[in-house]
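2 protein chains.
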Amino acid sequence: MPVNLIAPEASSLLPVDGVWLGCAEAHIRKSNRKDLLVMQLAAGSHVVGVFTQNQFCAAPVLLCKTHLASGEPIRALLVNTGCANAGTGEDGLSRAKLTTEALAKSLNLKPQQILPFSTGVILEPLPADKVIGGLPAAIADLKQDNWLNAAEAIMTTDIVAKGSSRHIMLGGKQIAITGISKGSGMIHPNMATMLGYIATDAVVSAKALESIIHYAVNKSFNCITVDGDTSTNDSLILIASNLAGNDEISETSAEYIVLRDALTEVAIELAQAIVRDGEGATKFITVRIEGGHDEGECRKVAYAIAHSPLIKTAFFASDPNLGRILAAIGYAGVEQLDVNVLKLYLGDVLVAEHGGRALAYEEAQGVAVMQQPEILVRVDLGRGSANCTVWTCDFSYDYVRINADYRS
Amino acid sequence: MPVNLIAPEASSLLPVDGVWLGCAEAHIRKSNRKDLLVMQLAAGSHVVGVFTQNQFCAAPVLLCKTHLASGEPIRALLVNTGCANAGTGEDGLSRAKLTTEALAKSLNLKPQQILPFSTGVILEPLPADKVIGGLPAAIADLKQDNWLNAAEAIMTTDIVAKGSSRHIMLGGKQIAITGISKGSGMIHPNMATMLGYIATDAVVSAKALESIIHYAVNKSFNCITVDGDTSTNDSLILIASNLAGNDEISETSAEYIVLRDALTEVAIELAQAIVRDGEGATKFITVRIEGGHDEGECRKVAYAIAHSPLIKTAFFASDPNLGRILAAIGYAGVEQLDVNVLKLYLGDVLVAEHGGRALAYEEAQGVAVMQQPEILVRVDLGRGSANCTVWTCDFSYDYVRINADYRS
Numbered sequence: 000m001p002v003n004l005i006a007p008e009a010s011s012l013l014p015v016d017g018v019w020l021g022c023a024e025a026h027i028r029k030s031n032r033k034d035l036l037v038m039q040l041a042a043g044s045h046v047v048g049v050f051t052q053n054q055f056c057a058a059p060v061l062l063c064k065t066h067l068a069s070g071e072p073i074r075a076l077l078v079n080t081g082c083a084n085a086g087t088g089e090d091g092l093s094r095a096k097l098t099t100e101a102l103a104k105s106l107n108l109k110p111q112q113i114l115p116f117s118t119g120v121i122l123e124p125l126p127a128d129k130v131i132g133g134l135p136a137a138i139a140d141l142k143q144d145n146w147l148n149a150a151e152a153i154m155t156t157d158i159v160a161k162g163s164s165r166h167i168m169l170g171g172k173q174i175a176i177t178g179i180s181k182g183s184g185m186i187h188p189n190m191a192t193m194l195g196y197i198a199t200d201a202v203v204s205a206k207a208l209e210s211i212i213h214y215a216v217n218k219s220f221n222c223i224t225v226d227g228d229t230s231t232n233d234s235l236i237l238i239a240s241n242l243a244g245n246d247e248i249s250e251t252s253a254e255y256i257v258l259r260d261a262l263t264e265v266a267i268e269l270a271q272a273i274v275r276d277g278e279g280a281t282k283f284i285t286v287r288i289e290g291g292h293d294e295g296e297c298r299k300v301a302y303a304i305a306h307s308p309l310i311k312t313a314f315f316a317s318d319p320n321l322g323r324i325l326a327a328i329g330y331a332g333v334e335q336l337d338v339n340v341l342k343l344y345l346g347d348v349l350v351a352e353h354g355g356r357a358l359a360y361e362e363a364q365g366v367a368v369m370q371q372p373e374i375l376v377r378v379d380l381g382r383g384s385a386n387c388t389v390w391t392c393d394f395s396y397d398y399v400r401i402n403a404d405y406r407s
Numbered sequence: 000m001p002v003n004l005i006a007p008e009a010s011s012l013l014p015v016d017g018v019w020l021g022c023a024e025a026h027i028r029k030s031n032r033k034d035l036l037v038m039q040l041a042a043g044s045h046v047v048g049v050f051t052q053n054q055f056c057a058a059p060v061l062l063c064k065t066h067l068a069s070g071e072p073i074r075a076l077l078v079n080t081g082c083a084n085a086g087t088g089e090d091g092l093s094r095a096k097l098t099t100e101a102l103a104k105s106l107n108l109k110p111q112q113i114l115p116f117s118t119g120v121i122l123e124p125l126p127a128d129k130v131i132g133g134l135p136a137a138i139a140d141l142k143q144d145n146w147l148n149a150a151e152a153i154m155t156t157d158i159v160a161k162g163s164s165r166h167i168m169l170g171g172k173q174i175a176i177t178g179i180s181k182g183s184g185m186i187h188p189n190m191a192t193m194l195g196y197i198a199t200d201a202v203v204s205a206k207a208l209e210s211i212i213h214y215a216v217n218k219s220f221n222c223i224t225v226d227g228d229t230s231t232n233d234s235l236i237l238i239a240s241n242l243a244g245n246d247e248i249s250e251t252s253a254e255y256i257v258l259r260d261a262l263t264e265v266a267i268e269l270a271q272a273i274v275r276d277g278e279g280a281t282k283f284i285t286v287r288i289e290g291g292h293d294e295g296e297c298r299k300v301a302y303a304i305a306h307s308p309l310i311k312t313a314f315f316a317s318d319p320n321l322g323r324i325l326a327a328i329g330y331a332g333v334e335q336l337d338v339n340v341l342k343l344y345l346g347d348v349l350v351a352e353h354g355g356r357a358l359a360y361e362e363a364q365g366v367a368v369m370q371q372p373e374i375l376v377r378v379d380l381g382r383g384s385a386n387c388t389v390w391t392c393d394f395s396y397d398y399v400r401i402n403a404d405y406r407s
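First to last, the sequence lines map onto chains A and B. Under the working numbering, the first residue of the first sequence is numbered 0, with each subsequent residue one higher. Under the working numbering, the first residue of the second sequence is numbered 0, with each subsequent residue one higher.
FYI, nobody ran anything at the bench for these hints, they're computed from the structure. Remember, predicted model here, so these are calculated numbers, not experimental data. One or more hints might be untrue.
Identical copies go unnamed one by one, so any copy, or any two together, can satisfy a pair.
Unchecked claim - Under the rule of at most 27 Å between Cα atoms (straight-line distance), these lysine-lysine pairs were calculated in the DSSO-like manner:
#1 Lys64 to Lys342
#2 Lys342 to Lys96
#3 Lys129 to Lys104
#4 Lys64 to Lys104
#5 Lys129 to Lys29
Given only the sequences and the hints, what does the whole structure look like? Please build it.
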């Protein structure tokens, strides 16, 4: 079950002026479920994205990049679940194009103004006819007050719909920010098997929006891991409809940071929701590495811990088998690590120092921390001032069950 | 259950002249099990070793390296299970020294002539008194015809004792080679949570023996992975008692390759046995990467596949979810990979080419291969002539159960 995560109320996901969402059941893989989402954007919207670095990236990812590079203003997004359209070669690209052409025709746009997204099983052909067949119903459903339905429409193995929303003030104008995400397995930075869409009605330059998405993704979606697998389809899209009436935010605006930080908070909440709903997760684990020479070595240590199946199963069992954490630190590949100066904490409890177990540590203290649904693992490398934080979950029987059964 | 692996018959593990083995129940962690092994070596033996690269390496590993570097001829090995004596700092080193000093006294040797080894739980103090208390019984048990007992004495979560043995002829003399190994979790190259001891009575120079161990380990123990965790205690020791009466083998001897290859075969068999007995394993999987620019990039791809929990759970389920393999190839980090030229095979079945599913491939073919207990995954990168092979196992409910319960 998801760790401290419940689906948002429909009313808590604020409409964003200039962003309409419509869902449909297109029967792409299964019946009786929403599996198609269309998002229509007001003219004048700015749209930026970051995508998976997997070299086997999916056809829709390739098409997204081409369309964003074309310079045509993006006016709609098309998302299907059930089929990832990845590992599908030229044929996959053709099928993705068919769907964007069909939506473009329906909305009186050019195909380059559409960004397509797919998530689901890899290596199977996209049933483009089913996607296209679902478009009229999705278009008929387009409305601004439809974020929760949209969050549900993009779910795959997700148990809980994921959304985050807030109002902020910029130059005396009320600004809405709303985002949704999906993903619970094949989660690893750069990026995860995740889709994320965050929209705001703030007026913000395209250049500032581009800066903000890179800042936000490095603080959020690039800090999560469930199983270390980087997917073929990961995409995060940030939309500004520019309708809120505030003075345009540029990178030098006084209020740039206000907007950036609010969007980043939403991104962090959406990213953490993915880990909280990680396949089979029973614990939410924050791995914080401090005192490194640089962020790079902190990340090596954080991911060595966050990826270790041995550590993750120990968390599942509430077993403070902390030696496994020391072992992971030891093989993380940090140059000239001095194991005698580093300190390992579980929550507030000092577990290890001077290359071994801390004198005052008693196992009951470790068990008490491990039994909590939210656990902090903190390592002080004792050799500098860099740090990083990574979020992950434990590794349970259900992870195996879900992934052994996923296609059935 | 182990995959196509049964314990060797006691009689099939040939005695090696000049190598005596004795076991005892020292009650280090649990009662009623052999947990202590002493190996005594004839004067004039050559002993070489390779050890974990984990920076949190265990106290006995540090001591082994010091003793091997001392130049004193190694005359005995001391192995305990139940406690890894890792993450134990200076105190751990003192305790390891106490045990080698006690064994040295009993055998009338210098402490530097003893190599100590520990395996088991990390971060707990070694009960040196129990190890020392078990020495008289182990010494009383010393005999050449005792390899199976020794293999059993070094088991931890292993289900099956692991041994391999053969006779070869060198210069008209019959040579015995026998080896034992242990390990089934925290298995990853450089090296695995494994202990391995291989002995021969061949007469071979120390220099040639050193070359052989590096050759053999790169073809065997450095090609296996269960969970990607490199342990703190991994050690492989190669012993030549030099008693067989053959002309001394040097690196330039005509028969050097005969000895090297026979020892390597034993090392491969012992390494594969660890994977076959991998925690929760139900399938033995060979990942072969061909057509790479260099071996390094082949290994990146092989380990991306072999470490992916998503792929390993799909193997457990006999689910030919081969897109997960393409995804792993795509995130392995190979520079400028052309996904359109690579080919993916499952057994003899061509599964993917031209960036997508092979036209002739049908899922029933994939299922048929996946249902076998021994599976070959082969990737032709189509860009060079380098290759590599890695062995791994699937990822089952039992992996989680074993690692959630290990300390209880």
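>> If the cut is 27 Å between Cα atoms, do Lys64 and Lys104 qualify within a copy, between copies, both or neither?
In response: within (21 Å within a copy, 72 Å between copies)
> How would you classify Lys342 and Lys96 at a CA-CA limit of 27 Å: within, between, both, or neither?
Replying inline: Between copies only: 25 Å across, 54 Å inside.
>> My question is about Lys129 and Lys104: at a cut-off of 27 Å on alpha-carbon distance, are they close within one copy, between copies, both, or neither?
In response: within (16 Å within a copy, 80 Å between copies)
> How would you classify Lys64 and Lys342 at a CA-CA limit of 27 Å: within, between, both, or neither?
Replying inline: between (44 Å within a copy, 26 Å between copies)
> Should Lys129 paired with Lys29 be assigned to within, between, both, or neither, using CA atoms and 27 Å as the limit?
Replying inline: Classified as within; 11 Å inside a copy, 61 Å across copies.
Consistency with the previously given hints is maintained throughout, with no hint failing.
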